[in-house]
Amino acid sequence: MPNKRINMRKIRDILRLRFEAGLSFRQISQCADVSTGAIQKMLKRLDAVGVSWPLPEGMSESRLASLLYPESDSRPGELEDPDWADIHMELRKKGVTRHLLWEEYCQRVPVRAYSYSQFCYRYHVWCQLQKRSMRQQHFAGEKCFIDYCGPTVSVVSPDTGECRLAQIFVAVLGASNYTFAEATWTQSLQDWLLSHVRMLEFFGGVPEILVPDNLKSAVSKACRYDPELNPAYQQLAEHYLVAVIPTRPRKPKDKPKAEIGVQVVERWILARLRHQVFFSLSELNHCIRTLVADLNERPFKKLPGNRRQAFERLDRPALRQLPVHPWRYRHIKKAKVNIDYHVEYEQHHYSVPHQYVGHKVELHACDNLLEVWVGDQMIATHPRRLHPGNSTTAEHMPERHRHHQQWTPGRLKNWAAGVGPDTLQWISDRLAEKAHPEQAYRLCLGLLSLTREYPAERVNGSCRLANSEGLNRLKQIKSILKTNRDLVPRDSDQHPSPELPQEHENIRGPRHFH
Numbered sequence: 001m002p003n004k005r006i007n008m009r010k011i012r013d014i015l016r017l018r019f020e021a022g023l024s025f026r027q028i029s030q031c032a033d034v035s036t037g038a039i040q041k042m043l044k045r046l047d048a049v050g051v052s053w054p055l056p057e058g059m060s061e062s063r064l065a066s067l068l069y070p071e072s073d074s075r076p077g078e079l080e081d082p083d084w085a086d087i088h089m090e091l092r093k094k095g096v097t098r099h100l101l102w103e104e105y106c107q108r109v110p111v112r113a114y115s116y117s118q119f120c121y122r123y124h125v126w127c128q129l130q131k132r133s134m135r136q137q138h139f140a141g142e143k144c145f146i147d148y149c150g151p152t153v154s155v156v157s158p159d160t161g162e163c164r165l166a167q168i169f170v171a172v173l174g175a176s177n178y179t180f181a182e183a184t185w186t187q188s189l190q191d192w193l194l195s196h197v198r199m200l201e202f203f204g205g206v207p208e209i210l211v212p213d214n215l216k217s218a219v220s221k222a223c224r225y226d227p228e229l230n231p232a233y234q235q236l237a238e239h240y241l242v243a244v245i246p247t248r249p250r251k252p253k254d255k256p257k258a259e260i261g262v263q264v265v266e267r268w269i270l271a272r273l274r275h276q277v278f279f280s281l282s283e284l285n286h287c288i289r290t291l292v293a294d295l296n297e298r299p300f301k302k303l304p305g306n307r308r309q310a311f312e313r314l315d316r317p318a319l320r321q322l323p324v325h326p327w328r329y330r331h332i333k334k335a336k337v338n339i340d341y342h343v344e345y346e347q348h349h350y351s352v353p354h355q356y357v358g359h360k361v362e363l364h365a366c367d368n369l370l371e372v373w374v375g376d377q378m379i380a381t382h383p384r385r386l387h388p389g390n391s392t393t394a395e396h397m398p399e400r401h402r403h404h405q406q407w408t409p410g411r412l413k414n415w416a417a418g419v420g421p422d423t424l425q426w427i428s429d430r431l432a433e434k435a436h437p438e439q440a441y442r443l444c445l446g447l448l449s450l451t452r453e454y455p456a457e458r459v460n461g462s463c464r465l466a467n468s469e470g471l472n473r474l475k476q477i478k479s480i481l482k483t484n485r486d487l488v489p490r491d492s493d494q495h496p497s498p499e500l501p502q503e504h505e506n507i508r509g510p511r512h513f514h
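Per full-length UniProt numbering, the sequence shown runs over residues 1 to 514.
These aren't lab readings, by the way, just hints derived from the structure by calculation. Please note that the accuracy of each hint is not assured.
[Stated by the list, open to error] Just the calculated beta-carbon pair ranges, DEER-fashion:
#	residue 1	residue 2	range
1	H331	E103	25 to 35 angstroms
2	G95	D294	28 to 38 angstroms
3	V277	Q377	51 to 61 angstroms
4	L303	L386	51 to 61 angstroms
5	A85	C31	52 to 62 angstroms
6	P383	S280	24 to 34 angstroms
7	P398	E453	22 to 32 angstroms
[Stated by the list, open to error] Using 30 angstroms as the maximum straight-line C-alpha spacing, the simulated DSS-like pairs for lysine-lysine come out as follows:
#	residue 1	residue 2
8	K216	K333
9	K360	K216
10	K434	K475
11	K413	K434
12	K302	K93
13	K434	K478
14	K334	K360
15	K301	K93
16	K216	K336
17	K475	K413
18	K216	K334
19	K478	K413
20	K10	K44
21	K360	K333
For glycine and all other residues, C-beta sits at the position ideal for the given N, C-alpha and C.
From just these sequences and the hints, can you work out the full model?
Shown next, in the form of structure tokens:
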């Protein structure tokens, strides 16, 4: 900091203490609160111009000042202060230093410019007069502070009259204070992440750092030194190539811009909506967008311009370009591959390659797609199903299961019909007996495979015999074929039963028993 000029009253006290009281330089320094070096320099100057104590009668303070500080009168006119607010805004740009701004200031007013030390000192004094929040230095395009408002807004259902509370998401760019706000139903992970997507589209670019609070949607495990980000939030950050630095737990001073931004939104937006009744979230967001635009156009109190102008001047040129495609929300869930090489997501089972049985995987589910990841490798993808069931890809199955999977009830019946109508009847009955037709596939395939050992006529004949006797086991049909029962003519088919005689010598009548 540059040396301050000693005021004239203190100079008289120093001279009196030195020449009348005879105090040492150290004692005078303690009494007058002036360094010993400054005292010695002042006395040397007075001695050089021939001024002694007591001062000559009639010497005014202005005359004494001109003798002690002659260089102050050598410049024509008064020195000119720069526009400190403009200096303050320029310093937020990357690469801009105080020395560079001082050189540009000297070029504009070469004669009436302050020295570099005075320039820095006077800028420091100006900063002290501003609000405390301005003491933190934020560079253009560097940080975006994010938080939710404490107060909520009621939304009434037009159908049921039920009242539901909407949360207010707020984001503020550090350099320009440019503000974004919107309403969502919850602070859940999906609402939190999709608000980020709309926020970046509103800004038209990506800052270097996002500074969120420690809410559960952002931080899986809070820690003062090494917080663990939510995996989905980390994916969003990787998509937009942005760093995420959460604030320390219970340290609101880490994000003063967010705290002030939330306060401004509560006062200038939510307070103006307190008498309105909203019947949908879109209606509420329409009003919020209008008031956010007004807020960004409101003039600063201590600085020139407004938030939008500061954004156009500072942040917009420094923001990185948005990706070609916006980030899509994905729900991430950890799972373990079951022994049937399937993983479960919302009561639906999806297949993975069978060699991953027992592995721990991550499920990434978006609106219409489900992906299965092991580390950084995607091992399976399926169309997402919203109902219970199975989605199985043939390539994921072992060879023996793949062969089995190729069969359907219709295909089995077609094959059975080619063997014979009795075979078709027996196959159809077995498929109908089971709650799931797949449970009878092996039995049906076992029967149909008998055509490799026996002619189709014999297999169909054995099925005819099994149908008539109610036999439903494969081993029973095999027994019929092995014992050639299907070849034995049935008596009922070739010889009709003769009528028995009513009277015969060996037939006893009722009288025999009485």
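Evaluation of the provided hints:
1. Restraint check, H331 to E103: a C-beta distance of roughly 55 angstroms breaks the suggested window 25 to 35 angstroms.
2. Between G95 and D294, the C-beta spacing of about 33 angstroms keeps the proposed range 28 to 38 angstroms intact.
3. Checked against the hint of 51 to 61 angstroms, the C-beta distance between V277 and Q377 comes to roughly 52 angstroms, which is consistent with it.
4. The supplied range of 51 to 61 angstroms is met by L303 and L386, whose beta-carbon atoms lie about 53 angstroms from each other.
5. At roughly 40 angstroms, the beta-carbon separation of A85 and C31 lies outside the given 52 to 62 angstroms, and the hint is violated.
6. For P383 paired with S280, a C-beta distance near 31 angstroms keeps the hint of 24 to 34 angstroms intact.
7. At roughly 27 angstroms, the beta-carbon separation of P398 and E453 lies within the given 22 to 32 angstroms, and the hint holds.
8. Proximity of K216 to K333 is assessed by CA-CA distance (about 15 angstroms); at most 30 angstroms being required, the pair is judged to hold.
9. A distance of roughly 23 angstroms separates the Cα atoms of K360 and K216; the hinted pair therefore holds under the 30 angstroms criterion.
10. For the given pair, K434 sits about 18 angstroms from K475 by alpha-carbon distance, which is consistent with the 30 angstroms threshold.
11. Between K413 and K434 the alpha-carbon distance is near 15 angstroms, which keeps this suggested pair within the 30 angstroms criterion.
12. Among the hinted pairs, K302 with K93 is consistent with the structure: their alpha-carbon atoms are about 19 angstroms apart, no more than 30 angstroms.
13. A distance of roughly 22 angstroms separates the Cα atoms of K434 and K478; the hinted pair therefore holds under the 30 angstroms criterion.
14. A hinted pair counts as satisfied when its Cα atoms are at most 30 angstroms apart, and K334 with K360 qualifies at roughly 7 angstroms.
15. For a cut-off of 30 angstroms, the pair hint linking K301 to K93 stands: about 21 angstroms separates their Cα positions.
16. For the given pair, K216 sits about 24 angstroms from K336 by alpha-carbon distance, which is consistent with the 30 angstroms threshold.
17. For the given pair, K475 sits about 20 angstroms from K413 by alpha-carbon distance, which is consistent with the 30 angstroms threshold.
18. Proposed proximity of K216 and K334 is supported: the alpha carbons are some 17 angstroms apart, at most 30 angstroms.
19. The straight-line distance between the Cα atoms of K478 and K413 is roughly 20 angstroms, inside the 30 angstroms bound, and the hint therefore holds.
20. Straight-line distance between C-alpha atoms of K10 and K44 comes to about 16 angstroms, which keeps the hinted pair within the 30 angstroms bound.
21. A threshold of 30 angstroms between alpha carbons decides the hint, and for K360 with K333 the separation of about 11 angstroms falls inside it, so the pair holds.
Figure legend: structure checked against the earlier numbered hints; hints not met, in rising order: 1, 5.
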